[in-house]
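J.: Spelled out, the chains give:
Number of protein chains: 2
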Amino acid sequence: MHIGEQTVRAFCDQVAAATPAPGGGAVAAVAGALGASLVAMVAGLTRGREKFRDVEEVMAAAQEAGLREAGALLELANEDQAAFNQVMAALALPKGTPEEKAARRQAVQEAYRAATRTPLETMEHCLEVMRHALAVVAQGNPSAATDACVGLLMASTGFEGALWNVAINLGSIADEAFRQETMEKVEKMRAEREEVLEAFRSLVPDPVERFLKKQ
Amino acid sequence: MHIGEQTVRAFCDQVAAATPAPGGGAVAAVAGALGASLVAMVAGLTRGREKFRDVEEVMAAAQEAGLREAGALLELANEDQAAFNQVMAALALPKGTPEEKAARRQAVQEAYRAATRTPLETMEHCLEVMRHALAVVAQGNPSAATDACVGLLMASTGFEGALWNVAINLGSIADEAFRQETMEKVEKMRAEREEVLEAFRSLVPDPVERFLKKQ
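The listed protein sequences derive, respectively, from chains B and G. Just so we're aligned, residue 1 is where the first sequence starts under this note's numbering, counting upward by one. Just so we're aligned, residue 1 is where the second sequence starts under this note's numbering, counting upward by one.
Calculated from the structure, these hints are not laboratory results. Glycine included, each C-beta is placed from N, C-alpha and C at the ideal position. Watch out, some of these pointers could steer you wrong.
Simulated DEER-style distance windows between Cβ atoms [claimed, not checked]:
{"id": "1", "chain 1": "G", "residue 1": "Arg201", "chain 2": "B", "residue 2": "Pro94", "range": "54 to 62 Å"}
{"id": "2", "chain 1": "B", "residue 1": "Ser202", "chain 2": "G", "residue 2": "Ala10", "range": "29 to 37 Å"}
{"id": "3", "chain 1": "B", "residue 1": "Lys51", "chain 2": "G", "residue 2": "Glu64", "range": "46 to 54 Å"}
{"id": "4", "chain 1": "G", "residue 1": "Glu198", "chain 2": "B", "residue 2": "Ala18", "range": "27 to 35 Å"}
Selected chain G positions facing chain B (in silico; Cβ < 8 Å) [claimed, not checked]:
{"id": "5", "residue": "Arg9"}
{"id": "6", "residue": "Ala18"}
{"id": "7", "residue": "Val196"}
{"id": "8", "residue": "Val208"}
Construct the entire structure; sequences and hints are all you get.
T.: Laid out in structure tokens, this is it:
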């Protein structure tokens with residue numbers, strides 16, 4: 001069953017089972033989807049109010065992106081599970097003859113590419129959520145400020161969780177050009193994520209400072 | 001409907017709606033539940049194998065804790081939503097007469113206490129998940145290492161998300177003794193979370209370093 005159609009409890013149970021999938025890759029994508037949903041929520045609570053008229057366009061874009069990215073990330077959660085199963089199936093192929101060995105090797109490499117591409121896409125989508133999350137943290141309705149912050153943190157964790165999965169799968173790929181290309185994308189995205197996180201931390205240094213110390 | 005019984009997609013949709021609940025508090029608790037489920041998974045993939053016999057007890061404890069904490073955190077996700085609705089209901093009480101004003105004030109303060117206690121409990125449970133996550137990162141089956149890492153990160157984000165909610169609600173509470181007591185608990189837990197995160201970062205400094213640079 002598609003992860004999006006499982007109940008939250010059933011998905012937790014399936015993750016908790018002593019089987020390798022669904023695991024961290026699917027959870028990372030779901031974290032991104034939850035972050036995207038919070039971005040859409042805060043943007044929606046900001047739009048259409050006179051006092052936030054100046055940021056209407058930014059919030060319309062954030063709401064639209066949040067809804068779109070939540071859907072895309074639930075698909076990626078599902079694909080991650082499928083990609084992992086493809087790796088398992090390839091590893092289980094026969095390796096008796098030299099022909100079988102060569103065919104298995106090719107199938108395994110192809111499966112690891114898919115299992116690398118899926119979390120790489122999750123990283124891209126989580127980064128897109130983070131960009132909009134920063135906008136709603138900075139300019140969204142202050143009564144929903146904590147929701148915006150949690151949205152940004154969830155997307156950031158989805159990014160990091162997906163990165164772990166890219167890294168472990170890329171480690172099994174022999175094709176040096178594919179490795180290089182993937183690493184370049186990873187490093188570029190990590191640099192932008194750091195920028196977003198830095199901007200976030202400078203906007204809202206600490207929840208205790210923000211709400212409690214100034215009273 | 002209980003959050004645990006909603007589909008993952010329906011929960012995302014409810015979060016994304018332009019209504020204040022469910023919001024970041026519920027999402028933080030769900031993040032903790034997903035982290036707890038990953039801890040249970042990795043512990044389960046480690047148990048009962050000859051080569052991991054030395055850590056059998058640690059893993060049995062982690063598996064049991066992961067399953068228990070996932071259940072507790074789903075309840076807290078649900079309670080967070082209810083606590084928020086209680087605040088809204090209290091704020092909507094009449095305030096025409098001095099008696100009404102006093103009754104409303106008391107109801108609002110009581111509601112904010114509940115809305116503070118729920119995420120405070122979420123923080124406690126997420127911290128418990130983090131302790132066991134650190135054990136499975138350090139001693140669990142290395143083939144599930146990335147799942148253990150994502151589990152720790154999810155619980156850590158659940159902790160931080162809940163902290164935002166404690167902070168914003170505590171900011172509305174007049175009772176100085178309650179504020180003090182809560183802040184002491186918060187600071188103690190934050191210090192332990194930092195220790196766990198530091199131990200984690202020193203065990204597994206960076207996914208790219210871990211899997212890619214040494215090849």
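J.: State, for the Cβ atoms of Glu198 of chain G and Ala18 of chain B, whether the hinted interval 27 to 35 Å holds or is violated.
T.: For Ala18 of chain B against Glu198 of chain G, whose Cβ atoms are near 29 Å apart, the range 27 to 35 Å holds.
J.: Close enough to count: is the Cβ of Val208 of chain G nearer than 8 Å to one in chain B?
T.: holds (6 Å)
J.: Between Lys51 of chain B and Glu64 of chain G, is the Cβ distance one that fits in 46 to 54 Å?
T.: Holds - the Cβ-Cβ distance for Lys51 of chain B and Glu64 of chain G, about 51 Å, lies within 46 to 54 Å.
J.: Quick check on the hint: Arg9 of chain G CB to chain B CB, less than 8 Å?
T.: Holds, because the Cβ-Cβ distance from Arg9 of chain G to chain B comes to roughly 4 Å (cut-off 8 Å).
J.: Can you verify the interface hint for Val196 of chain G: is its Cβ closer than 8 Å to any Cβ in chain B?
T.: violated (15 Å)
J.: Per the hint of 29 to 37 Å, is the separation of the Cβ atoms of Ser202 of chain B and Ala10 of chain G within bounds?
T.: holds (36 Å)
J.: Just to be careful: measuring from the Cβ of Ala18 of chain G to every Cβ in chain B, is the smallest value less than 8 Å?
T.: holds (3 Å)
J.: Does the beta carbon distance between Arg201 of chain G and Pro94 of chain B stay inside 54 to 62 Å, or does it fall outside?
T.: violated (43 Å)
The earlier numbered hints that this structure contradicts are 1 and 7.
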